[in-house]
Each structure stands twice: as C-alpha cells, then as structure tokens.
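Novice: Each chain is listed here by its residues.
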Amino acid sequence: MSAENSATGAGTGTAPLVPLHCLRHLEPGPPRLGALPTGTPVWLVSRHADVRQVLTDPRLGRAPLYAPDAPPVSLTPNLLDAPQSLLNIDGTEHQRLRRTVQRAFTPRAIARWRPWVASVVEALIDELIDQGPPADIVAAYTRPLPVAVISRLMGLDGLDGKRLAHWSDHALSTIAHSAEAIGNAMAEFAAFGASVIAERRDRPGDDLVSSLLTAAAEDGSITEQQLITLVIGLVVAGHETTMTTLGNALVYLLGDGRDAWQRLASDEASAAAATEQLLRAVPLGDADHLPGLLRRTVEDVEIGGVVIPAGSVVAADTGAANVDPEVFTGDLLTELFSPLAAPMYTFGAGPHHCLGAWLARMELELALHRLARRLPSLRLARPTEQIDWRRGLLTRSPNALQVAW
Amino acid sequence: MTAGPQAGADAVVVRVDRDRCIGSGMCALSAPGSLALGADGLAEPVAGHGADGEELTPELTEAVDFCPVEALTLYSARGGHRIAPAE
Ligand code: SF4
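Chains as they are written, first to last, in UniProt numbering: chain A, 1 to 405; chain B, 1 to 87.
One or more hints might be untrue.
Examples of chain B residues toward chain A, derived with CB under 7 Å [stated by the list, open to error]:
| no. | residue |
| --- | --- |
| 1 | SER24 |
| 2 | GLY25 |
| 3 | GLY41 |
| 4 | PRO68 |
Calculated directly from the structure, the hints in this document are not laboratory data.
For each residue, glycine too, the CB sits at the ideal point set by N, CA and C.
Construct the complete structure from the given sequences, taking the supplied hints into account.
Specialist: Here is the structure:
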C-alpha cells in the first residue's frame, strides 16, 4: 500500500500495474475484520449473498457513516463524502431527493436516447478513422463519448472538457490531490453547479437539470445545497465511471480477450451480453483505498453467520462478490456472451443502486458493438505493461491507450 | 385488512419481477399499503395486491413509475390485462 508510488504515478522500481481484469480479489468467506486507510476497523463482506444483504438491509445505511460519532472513513474527503449528497442520506429523505431525477433514468426513459447516443458513437468513430492509426482511443473515444452524453442530457453545451476533467479528478481523488486542492476544486465545481441551476430557473429547457428543478419545487423539502451537490454529482457520475469501464473493457477486449472482437461486431444482443459480463468481471479500480461499498450498522446485524455490532463500518466488496465461485463459474474468456448466472453488484443494490446504470449499459453496448463493427482489425499498439494509468483516484483507467488497425 | 373494494371494477394486482428487482425499497416507501420488502430484500405485494386485487391508489401508480429497474407491473384484477407501465 505505498501511497506515494500511487500518487506519483510512475512508481519507483515497482512492477507495472496489472490491467483491472487481472486484479485478484479477496477470497470469499465470512465477514472478517480489516482496516481502512484511516485505521478505522471495517468488516469486509465478500460473499455474493452477504454483499446483497449489506446493500439492501435497512439496518445498514450511508448516513450513519457521517454521523457525529462516526469514525473517519476517508483520509482526504472528496465529493463522495459530502454529507448532503444523494449517496449519503437514507430513508424517506433519500427517496424524496432521488425522486427528482429517478424518472429520467428508468430503462424506458433511457431507451429514448439510444438513437442519439448511437449517432454520437458513429461520429466519434468517423473522426477516429479520418485521423488514422495509430490513435489514442481514450482521447478519441472513451472520454468524449460519456462527456458528450452527460452534457447533452444536462444541457451543458459548451462545458469545457479540461475544466470538467479537473473537477472529476478531484471529485474522486483518494490520494492524488491534497485536501486543500480538492476543497478548492469542489468549491469551483459547486459554483458551476449553482450557475447552471440559476440559468435553468430563468430559462427552463428539456434537460435533466430543468426537470429536477421542477420536481424539487413540487416537493418543497429539498435544500439548495442538496440540489447543487446533486447536479455536480450527476455531472461526475454521469461520465467518469462510464469512461473508466469502457477504457478498461477495451484493455481486455483488444488484448487478452481479442478473440471475441468479431462476435462483438455481429449484433447488439451479443454486445449487450458482453457488457454485463465485463461490468461484472472488470472492476472500476483497485480496492486499496476503498475495500468496497461502505455502510454502517445502526443496530447489531447478523451477516453470513457473524454478528456485526451496532455502529460498525462494513464494506461490501462487490468485486469479490461478482466473482464468487459459489455463484459464478467460468471466466470472461469462456463466458463473455453468456447471460449472468446471478445479479452482479457493480451498480450496487438497494436504495443507493446506481442511478445511471441503464445509461451506462446503453453507452457501453453501443460503444463496443459499433467500434468492433467499424474497425474489425482494431488492436492495442503497445503491450499492456506500458499503459500509463490514471492513479490516486477511486477508479483506475488508462490515461491514454494507443491502438492501431 | 382490506383497503379497497376487492375485485371491484378498478381493482388491480401488482406483480414484482423478482429477477429485476434490486431491493431499492422505493416502492415500499412510496406505497407502503401495497408493497413491502420481504426477508430476502426484494419487494412483495402486500395483502390483496398480490391476489384478489385492491383499489388503485396514486401512491401505487407512483411506485410503479419510479421503480429504478421497472420491476413492477400493474394488472387489472378482473380482466387480467396490463394497466401500467404501457407496453
Ligand atoms: S422499487 Fe422496484 S427495485 Fe425497488 S424494491 Fe420496489 S420493485 Fe424492487
């Protein structure tokens, strides 16, 4: 756990980081005690059924993690630690805030965007082909696609990509940036969120910000601070993880998993099946700063045969649960196009299940299928050992990925 | 126990697609008279909503609308046809 090596990127004499699909997970077993980087004891929960319980059982919540008596869970708090965020409130209060945006993210609502997202995908591939090989597929594809989608959904035309990247890097920083730098970036980001809200109050449109403002006005209980945090949270969540997943999926598909490329091109159903398996088996990042999705018990709870006392911090290790051999057999090489044997927990479960799950799925399916169809000979131009990774954040993905065709 | 005119003209039953439900609990919070979370963390219809049908309440309509994974479907208790969401 060398914090310095991770923060400085290159590492001093350390072996290159393995691609995320090669990451080793905790051996599933009963809940066991570990420690967060802050030294706070944490119950690590790794079995499929136990992870499900942690995420759905109302005796565990997010808000108790930020209660006055709570032990510290982050060394350097980032956007995910904001107590007023959708992620960190529970129960009725959470439901009321989530309702302001939930309708825009149902499978049906998302499906309406499909033709438009497909056109963005095609336009980016056109540009990539025009530019010619070799190319950096992160700069040309995996980053601009989700940014374009969330910008359109939220009506953020003209949002500067560099500023957005700066804010996102700080929003999800673990050790890449100082507390002060994160604080400054988040203050700037919040000011941006406030200005978008003010502008949309004056001139409402057909975008997500306008509709959430209408819903919040009807509800009446939602604070301005919650709205701002929600808007900037949507901006980050709306593109960061999709970019990460797509980048890491391509590291696998253009490398170890290259044999599947042709079938991915064949039809959208194959791409949809592969998307589910990739979401399951390729984690978003290393678990060294966050061993799972955190919750805190509000009373004693028995999980997987272990009684976890009230007030304990619990980490649902979704990466381990997603490959629990009791539930999932086989690996990506053999199962890429098979239906999932059980639900995967990459998007979580329970009240805080990822709002953008359907949007992410659609972007990934289209991005993989169309790219494989248009560029059947696409391949990595350099070995994966030479990948320059974005480090020190909750997620890990290639900073750049050189490809040729 | 009965909240409405059982098997009346407007009675509905609600079905939960348990393969889809991710146990968000949204429905149980917005329509506690119609849906609850079971021991396995997944939603279940309450009382008549699972069998003979109950009156359709605005809360239930809303629960169906707001399910994050569209796991809820409303059917007419009498005719058996689907009421919401639209096909
Ligand atoms: S709202 Fe949908 S996903 Fe959530 S508990 Fe109810 S049926 Fe399940």
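Novice: Would you settle whether the hint for B/GLY25 is holds or violated, based on the nearest Cβ-Cβ distance to chain A being less than 7 Å?
Specialist: Result: holds, 5 Å to nearest chain A Cβ.
Novice: So, as I understand it, the hint says B/SER24 touches chain A; can you test that by seeing if any CB pair is closer than 7 Å?
Specialist: holds, 5 Å
Novice: Does B/PRO68 pass the interface hint, meaning its C-beta sits closer than 7 Å to a C-beta of chain A?
Specialist: Holds. Min distance 6 Å.
Novice: How about B/GLY41: closest beta carbon in chain A under 7 Å, or not?
Specialist: holds, 3 Å
The structure shown violates none of the earlier numbered hints.
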